[in-house]
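Colleague: We have chain V; now place chain S onto it with these hints.
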Amino acid sequence: MNFPENLKYTKEHEWLRIDGATAYVGITDYAQGELGDIVYVDIDEDIESIEMDESFGTIEAVKTVSDLFAPVSAKVLELNPKLADEPQLVNSDPYGEGWILKIEMEDTSSVDNLMDVNSYKELVGQ
Amino acid sequence: MKRTKFYDIHKNLGAKLVDFAGFEMPVQYSSIIAEHKAVRNSVGVFDVSHMGEFFVSGPEAEKLIQHVTVNNVANLNDGKVQYSAMCYEDGGIVDDLLVYQISDQKFMLVVNASNIEKDLAWINSNNRFDAKIENESDDYSLLAVQGPNSNMVINKFLGKEIDIEYYTFLTEDYEDLEMIVSRTGYTGELGFELYFKGNVEQAAKIWNAIFKAGEEFEIRPVGLAARDSLRLEKGFCLYGNDIDKTTNTIEAGLGWITKLKKEDFIGKEVLVSTKSIGPERKLVAMVAEEKAFPRQGYEIAVNGEIVGKITSGTVSPILEKPIALGYVNTECANLDSEMNWIIRNKEIKVKIVKLPFVG
Chain V
1 MNFPENLKYT KEHEWLRIDG ATAYVGITDY AQGELGDIVY VDIDEDIESI
51 EMDESFGTIE AVKTVSDLFA PVSAKVLELN PKLADEPQLV NSDPYGEGWI
101 LKIEMEDTSS VDNLMDVNSY KELVGQ
Chain S
1 MKRTKFYDIH KNLGAKLVDF AGFEMPVQYS SIIAEHKAVR NSVGVFDVSH
51 MGEFFVSGPE AEKLIQHVTV NNVANLNDGK VQYSAMCYED GGIVDDLLVY
101 QISDQKFMLV VNASNIEKDL AWINSNNRFD AKIENESDDY SLLAVQGPNS
151 NMVINKFLGK EIDIEYYTFL TEDYEDLEMI VSRTGYTGEL GFELYFKGNV
201 EQAAKIWNAI FKAGEEFEIR PVGLAARDSL RLEKGFCLYG NDIDKTTNTI
251 EAGLGWITKL KKEDFIGKEV LVSTKSIGPE RKLVAMVAEE KAFPRQGYEI
301 AVNGEIVGKI TSGTVSPILE KPIALGYVNT ECANLDSEMN WIIRNKEIKV
351 KIVKLPFVG
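Respectively, the protein sequence lines represent chains V and S.
With the first letter of the first sequence counted as 1, position 14 gets the number 14 in this note's numbering; the numbers rise by one all the way through.
With the first letter of the second sequence counted as 1, position 56 gets the number 56 in this note's numbering; the numbers rise by one all the way through.
What the hints contain is simulated information worked out from the structure, not anything from laboratory work.
One or more of the hints may lead you astray.
[As the list claims (entries may be wrong)] Non-contacting residues of chain S with respect to chain V, defined by C-beta distances greater than 12 angstroms in every case (computed): (1) 35; (2) 82; (3) 104; (4) 125; (5) 205; (6) 215; (7) 246; (8) 293.
[Said to hold, decoys possible] FRET-style restraints, in silico, Cβ to Cβ: (9) S:159 x V:6: 42 to 50 angstroms; (10) V:65 x S:159: 45 to 53 angstroms; (11) S:211 x V:119: 55 to 63 angstroms; (12) S:344 x V:52: 19 to 27 angstroms.
Even glycine gets a Cβ: it sits at the ideal position worked out from N, Cα and C.
Chain V on its own, in the form it takes in the complex (with noise of 0.2 angstroms):
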């Protein structure tokens, strides 16, 4: 399992690529192997915002549905235009072409919250 140095992760189990107030958004490898083959990330197309610990949306897999809660509350950037088709990506690449959501944050000392690279592999036991 592959858990990158350099990102920010949360207890819901999403990484933040962190650069000034923008950051990409996406689940960890860990999440991706527990939902399994995914089908669809159901986002709305014309989100614009998220609010930290709110759902913003779901990622279908075969097994099960998994809502994706906001890490920090921030201006949506885009969504990742290539998971319409390709929702696969999020399995085969989570920290890369699976990304899902590009944000500007509100309040850049949110990310005080979030857990780095040990305080994630000890959240899922690694």
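Modeller: Only chain S this time, still in chain V's reference frame:
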């Protein structure tokens, strides 16, 4: 929790193991979709040793089976298999099962793993015949080899040409084991099921020999998740989802196995009247064109009014569309009727279609 004789093999293959009917079973080995497609396009192997095997024998074995099942056992000959169901007096389904006629005084019943104890008690409690019932579920292993290339794999594995019709079986010796080779399965593909006793070492030997024979066809192990999506594409009912004690065979679309002219069987009276009045609801097959993932329990509505519930659903790996089975009120259950699935407050437009979803 119980384990099949292939447990170590599954573990070594890195399968995801889950509790299924009290057994630790492989739900998937790699990707469910890849496993599903392997069965449709070439060949896959399922360990379904959790299934139950009962042997019913004696001068009145056939009478007992006639009494407890809805299909007509008199239509069987030696070496034939029949899909059937057992019903309660009220027509509710105890279980669906396969009946194998070994001889006119010996039959094998293959039942769902989750129902082994219940079925055994039910058959025993209705045995007022000169028939003996033996539960050999723990002794038997069962491997299903399924897919268009399965016949070539079986021939190579057994070292002889096996040419048998759908729903027939024969008994073969494999080394020192007696093996029932049956042209049956739950995938809708050409396929075989192998029943045999034997210990863990013998089971492993058989598994390895099948995989060696299937190497050239890229044979792969397939878990219960793909087994479920494969059967759903063909519209086969799953006990616990599409049929159970609250549904009868007529409304479940199993009228074709319910032989109402048969002299006596449990549930006959209710099933005859359901058939003549017409059931209040029917199991229908539905397809959506938009993106959605239908799941068991989701409601079905027409013009905002709830008319039924989904009992099984998935996104078909072959059609790449959402498909589902569900019960709806009979007045809505017409081919091409339009209705909506309610998925987290969203309405998804669907149409009733003919089975199978995938031909």
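Colleague: Each of the hints needs a verdict: does it hold here or not?
Modeller: Each hint, compared with the structure:
{"no.": "1", "hint": "35", "verdict": "violated, 10 angstroms"}
{"no.": "2", "hint": "82", "verdict": "holds, 32 angstroms"}
{"no.": "3", "hint": "104", "verdict": "holds, 45 angstroms"}
{"no.": "4", "hint": "125", "verdict": "holds, 37 angstroms"}
{"no.": "5", "hint": "205", "verdict": "holds, 31 angstroms"}
{"no.": "6", "hint": "215", "verdict": "holds, 25 angstroms"}
{"no.": "7", "hint": "246", "verdict": "holds, 25 angstroms"}
{"no.": "8", "hint": "293", "verdict": "violated, 4 angstroms"}
{"no.": "9", "hint": "S:159 x V:6: 42 to 50 angstroms", "verdict": "violated, 57 angstroms"}
{"no.": "10", "hint": "V:65 x S:159: 45 to 53 angstroms", "verdict": "holds, 47 angstroms"}
{"no.": "11", "hint": "S:211 x V:119: 55 to 63 angstroms", "verdict": "violated, 42 angstroms"}
{"no.": "12", "hint": "S:344 x V:52: 19 to 27 angstroms", "verdict": "holds, 21 angstroms"}
Violated hints for the displayed structure, listed by number in ascending order: 1, 8, 9, 11.
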